[in-house]
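A.B. asks: When you get a sec, could you build the whole thing from the sequences and use the hints?
Using the UniProt record's numbering, count along the sequence shown one by one with no gaps and you end on 174.
These aren't lab readings, by the way, just hints derived from the structure by calculation.
Mixed in with the good hints, there may be bad ones.
[As the list claims (entries may be wrong)] The calculated lysine to aspartate or glutamate pairs, modelled on DMTMM-like cross-linking and capped at a C-alpha distance of 20 Å, are:
| # | residue 1 | residue 2 |
| --- | --- | --- |
| 1 | Lys164 | Glu154 |
| 2 | Lys130 | Glu154 |
| 3 | Lys164 | Glu127 |
| 4 | Lys115 | Glu127 |
| 5 | Lys130 | Glu101 |
| 6 | Lys134 | Glu101 |
[As the list claims (entries may be wrong)] Computed beta-carbon distance windows for the label pairs:
| # | residue 1 | residue 2 | range |
| --- | --- | --- | --- |
| 7 | Val111 | Ala41 | 50 to 58 Å |
| 8 | Gly49 | Ala105 | 27 to 35 Å |
| 9 | Ala103 | Gly142 | 28 to 36 Å |
| 10 | Gly113 | Ala165 | 31 to 39 Å |
| 11 | Gly60 | Tyr97 | 38 to 46 Å |
| 12 | Ala165 | Gly119 | 23 to 31 Å |
| 13 | His62 | Val110 | 51 to 59 Å |
| 14 | Gly129 | Gly60 | 53 to 61 Å |
| 15 | Gly119 | Gln93 | 42 to 50 Å |
| 16 | Ala88 | Gly113 | 39 to 47 Å |
| 17 | Pro121 | Ala90 | 37 to 45 Å |
| 18 | Ala166 | Arg123 | 30 to 38 Å |
| 19 | Trp160 | Thr116 | 21 to 29 Å |
Beta carbons are placed, not taken as given, at the ideal position from N, Cα and C, and that holds for glycine.
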Amino acid sequence: MKHNGPAGAELAARRKAAGLTQRQLAKAAGVGRTAVQYWEAAPHLDPRGWAVGRMAEALGWHVNGPVCCTVSRPRGDEVLSPFAAIDAWAAAQLAAYREREAARAARRRVVCGAKTRKGTPCRNKSEPGKRRCKFHGGMSTGARTPEGIERIREAQRRRWARHKAAPQATGPES
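C.D. replies: Below is the structure:
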């Protein structure tokens with residue numbers, strides 16, 4: 001026989017006092033029998049829960065706050081709440097969730113959106129954790145050797161010289 005939790009034991013005692021089986025209570029509350037079995041074995045009852053509220057209503061039991069019959073024992077100067085373990089678990093889960101979200105945000109890839117040569121926005125995905133793609137500032141390392149740097153400078157000088165020497169196109173002449 002499964003040991004009932006303290007609050008679950010109270011639910012089971014109220015059900016038995018009403019002369020109902022788990023199956024009969026489940027039918028009266030409109031829940032499954034396994035829900036009754038689950039909550040009778042629970043260490044605490046949350047009245048905001050759908051099944052708990054329905055079962056309490058079927059038994060004529062008005063539950064105001066969370067029902068927990070575990071004993072609070074002081075340890076030194078501190079008094080332990082019956083929900084301390086649950087609160088600690090929830091805080092740990094929340095911290096882990098926030099850590100995962102921060103890591104996911106660091107790896108997130110967004111649309112680059114830089115202006116392309118055609119004048120349209122770039123549709124490539126950015127590098128992880130950056131706002132631009134590999135073509136618009138994400139991966140370029142540039143020249144590393146003095147010879148490479150000088151080669152790039154010379155190519156830029158030639159390009160500008162060609163640009164300046166080209167005839168400037170003016171508007172339509174009348």
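A.B. asks: Decide, hint by hint, whether the structure agrees.
C.D. replies: Status of each hint after checking the structure:
1. Lys164 x Glu154: holds (15 Å)
2. Lys130 x Glu154: violated (31 Å)
3. Lys164 x Glu127: violated (36 Å)
4. Lys115 x Glu127: holds (17 Å)
5. Lys130 x Glu101: holds (16 Å)
6. Lys134 x Glu101: violated (24 Å)
7. Val111 x Ala41: 50 to 58 Å: holds (51 Å)
8. Gly49 x Ala105: 27 to 35 Å: holds (33 Å)
9. Ala103 x Gly142: 28 to 36 Å: holds (30 Å)
10. Gly113 x Ala165: 31 to 39 Å: Given a distance of about 35 Å, which is inside 31 to 39 Å, the answer is holds.
11. Gly60 x Tyr97: 38 to 46 Å: Taking Cβ atoms as reference, Gly60 and Tyr97 lie about 40 Å apart, which means the hint holds.
12. Ala165 x Gly119: 23 to 31 Å: This hint holds: roughly 26 Å between Cβ atoms.
13. His62 x Val110: 51 to 59 Å: holds (53 Å)
14. Gly129 x Gly60: 53 to 61 Å: holds (59 Å)
15. Gly119 x Gln93: 42 to 50 Å: holds (49 Å)
16. Ala88 x Gly113: 39 to 47 Å: Given a distance of about 44 Å, which is inside 39 to 47 Å, the answer is holds.
17. Pro121 x Ala90: 37 to 45 Å: At roughly 43 Å between Cβ atoms, Ala90 and Pro121 fall inside 37 to 45 Å, so the hint holds.
18. Ala166 x Arg123: 30 to 38 Å: With a Cβ separation near 32 Å, Ala166 and Arg123 satisfy 30 to 38 Å, so the hint holds.
19. Trp160 x Thr116: 21 to 29 Å: Roughly 22 Å apart at Cβ, these two residues keep to the hinted range, so it holds.
Of the numbered hints stated above, those contradicted by the structure are hints 2, 3 and 6, listed in ascending order.
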